[in-house]
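Visitor: As a plain string of letters, each chain reads:
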Amino acid sequence: MGVVLEVQEVTKVFGPTIAVDRVSLRVHEGELVGLLGPNGAGKSTLLKISLGLLRRDRGNVILNGYDPYVDSRARRGVGVVFERPMLPDSLPIRDLLYRASLIYGSSREEIRRAVKYTGLEQHLHKTFSELSAGLKQRAAIAHALLSRPKLIVADEPTSNLDPIERVRLLELIDMLNRDEGISFIVSSHVIPEISRVARRVVVMNRGRVIMEGDVNEVVMKASVARIRASDARALEKVLTLHGYDVRVEGINIIVKLKGAEGQAELLKLMADLSATGTKVLSIDFAGAGLEEILRGEA
Amino acid sequence: MSLRTYYNLLYIDVSDVLRPPGLDVLVLLVASLGSALVTIQPVTSPVVASRIALDPTLFAAALFLAVRGSAGMAYLIQSGIINTYLTYPIGKVPLAVLLALSRVFIPSLLVLGAPLLILFLLLGSVMLKAPEKVFGMYTAFFFQASLYGLIFLFFALRSRSQSTSGLLSVSAYFAYTAIALILPAIGRSTGNETLTKVGEAMYLPEIIYSSYMRASVESWQILLVPSLVTILFIFVVIYFWRRFEVI
Amino acid sequence: MSSVLRRMSVASRLLLVIAIGLLVSSAIAELYGAKLSSEYTRTVKVGPRVASLLVVAAITSSGRAEVTVEGADSVYYVKVAGDPFLLAQQFRSLRLNVSNVRSNVDLRAGVTFTAIQVESNPFLVQALSLLGNVIPISEKKENVTRITESVASDSSLLIVSTKDSEGEVRYIIKYSVEGYSRLTAPETFIVSAIMVALAGAIEYYRRLTVKPFL
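Protein chains in written order, with the numbering used here: chain A, 1 to 298; chain B, 1 to 247; chain C, 1 to 214.
Keep in mind that the hints were calculated from the coordinates and are not lab data.
There may be inaccurate statements among the hints.
Stated by the list, open to error - List of simulated lysine-lysine pairs, DSS-like, C-alpha gap at most 25 Å: (1) A/K221 to A/K268; (2) A/K136 to A/K150; (3) B/K133 to C/K174; (4) C/K35 to C/K79; (5) C/K45 to C/K141; (6) B/K129 to C/K79; (7) A/K256 to A/K268; (8) B/K92 to A/K150; (9) C/K35 to C/K174; (10) C/K174 to C/K163; (11) B/K129 to C/K35; (12) C/K79 to C/K141.
These numbers were taken from a predicted model, which means no experiment stands behind them.
Please put together the full structure from these sequences, using the hints given.
Guide: Here you go:
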């Protein structure tokens, strides 16, 4: 698999603050990479540098074989969706997509497909500001799709959406990645969202990459689970009795797993407890694992 | 990149700058006012007609450039629309040129052109006596408006704030106008002819008008404003290319 | 209204706005439009020490001025080239002793008439020659002199009248504008209608080109 985006040892400094500190990452063709980190971790800055929108102080960026800060050819075939999607408001979406298609050189069929994918058929006569938050994000994705993308860079694409819109958008991203083979780099601070779509994650905090790899491997490294039960205090006692390192966070219990077979062991125990009447509402390994990594770093 | 790419991005941004109803109301006012001024008096000289119609229009054009050109550019930066522009496969230098076109040159051409178009329709026989002189006056006013517009555009890129760039733009406009009035006054009272001529040259339409009215005008006076426009244009493009960063 | 305009192209919007502007200015022209002639009469006291100057300056128009001077012993005139607004400045540079300046601006005819009293001395005509060629009028009938000259926004007429004894000089000026014409109201209406139709055609063409894409 070829590399679409390669970031090598990139550093960006804003005054006294090091926003991005010697970060390296790669996005391969057809890959969906999650860029995870709390607010202020440097995700957006890194993505802007990757697109050539911001100047870097050190390091190299190769996008589509070119340095995006110097050569605009790097952005050919790269679609972008920002956290607060903003498209010009002066034209109806129909006209705007039409003009964007002429900029990117995409065909009529590609416009139709972008509109169909994003479900904007009924809203083409509206201007961007007349759309709801979810539709704005969809319009931004339709706009990005017109670039005949090999890669879509999505910076916190779900942050302004309600839970239903979030799920729809993540499904759309997943579908575009699987069906169209479009590479994605999606940043977010919402762990369950990233773990839902990304096959590989890069975890950033305070401008640095603190962990990188397959989602499953990263989660396994963290070896924790978050359990939600009807009676957290009672479950805490039972798990402690079984020798688990447990802590209660509100109505959730964070459980440290034991060794390589920890997941299977915990699931078996929970199944047994369910059978004896303990109500277990959810068990989350991925989200809890990533959260633990960030917490540990913090 | 093909010209089609540039044209379509220019189209998108021009549509933003010229979005209704701001432009429509402004053009209606300046066009009606400018042409009314030349119909309530029997203007028989195309040069005088152009001057009468374009003098008040220049003020309106400057305000339009401050609000839509400068504050509009700051909004583009604040809202993140500029990020979308920058994600297009277009270099920063051509993008800077496109922004100068859409935020300064095209609005200036349109706002100043509207009253002249009405003048040509309404007073065709008068205006066609010397169309080249009308074009000369139009060019002079265009350069003057572009000078203000480029200063405003720089403020927007530098401050990135709508209110700050708007205020700075209006202040700069009045400061420039005041200097252009004060210098000749000082020059005349102190007998310093150079000062007088510099002050006069800061307002190109008057210089071109005087030359058409057979008054003595020096060639550097004609070239001062166009030179300033060229220098500012290059400066804005270089600033956008080398120094400007998105939020 | 704004949402309708928002869906239109800049070109068609400008055409519509200019069509309206054209109608507005035509209406103003019909109600308060330019006059094509103007008249002015002024009597000025003159004598051995005081001469009289009359300036006919076409500030925006151009035309023909017929000036009748009654009661003057000698009459000269000068065609002064340049912007009439700069005439006062040029005049000041002659450093003549001026008093009693009376101006009448007829904006609708685009002309100003100014009568001035000035200290008379043997060098007056010589000083005025700095502004242009001073032409003496020798033809006179019953102490009445007539001058007919063209004036424009880049050339003004200056008439000097002197008298050897105390008395009055009377100026009667008839100014008629030449070279001015504008669209009539029905013509304006037709041009506006064409512009509206053109705007409609542009919008129709735009719909045809963009819609099939989606």
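Visitor: So, for every hint listed, does it hold in this structure?
Guide: So, going through the hints one by one against the coordinates:
Taking the CA atoms of A/K221 and A/K268, the gap is near 20 Å; set against the 25 Å cutoff, the hint holds. Proposed proximity of A/K136 and A/K150 is supported: the alpha carbons are some 22 Å apart, at most 25 Å. Using a Cα cut-off of 25 Å, the hinted pair B/K133 and C/K174 is violated, with the two alpha carbons roughly 30 Å apart. At most 25 Å may separate the alpha-carbon atoms for a hinted pair to count; C/K35 and C/K79 meet this at roughly 24 Å.
For the hint pairing C/K45 with C/K141, the CA-to-CA distance comes to about 21 Å; that is within 25 Å, so the pair holds. The straight-line distance between the Cα atoms of B/K129 and C/K79 is roughly 23 Å, inside the 25 Å bound, and the hint therefore holds. About 15 Å separates the Cα atoms of A/K256 and A/K268, which keeps this hinted pair within 25 Å; it holds. Under the criterion of a C-alpha separation no larger than 25 Å, the hint pairing B/K92 with A/K150 is consistent with the structure, at around 22 Å.
Between C/K35 and C/K174 the alpha-carbon distance is near 13 Å, which keeps this suggested pair within the 25 Å criterion. With a C-alpha separation of about 23 Å, the suggested pair C/K174 and C/K163 falls inside the 25 Å cut-off, and the hint holds. Restraint check for B/K129 and C/K35: satisfied, since their Cα atoms lie roughly 21 Å apart, inside the 25 Å limit. Between C/K79 and C/K141 the CA atoms are separated by roughly 23 Å; this keeps the pair inside 25 Å, and the hint holds.
Figure legend: structure checked against the earlier numbered hints; the only hint not met is number 3.
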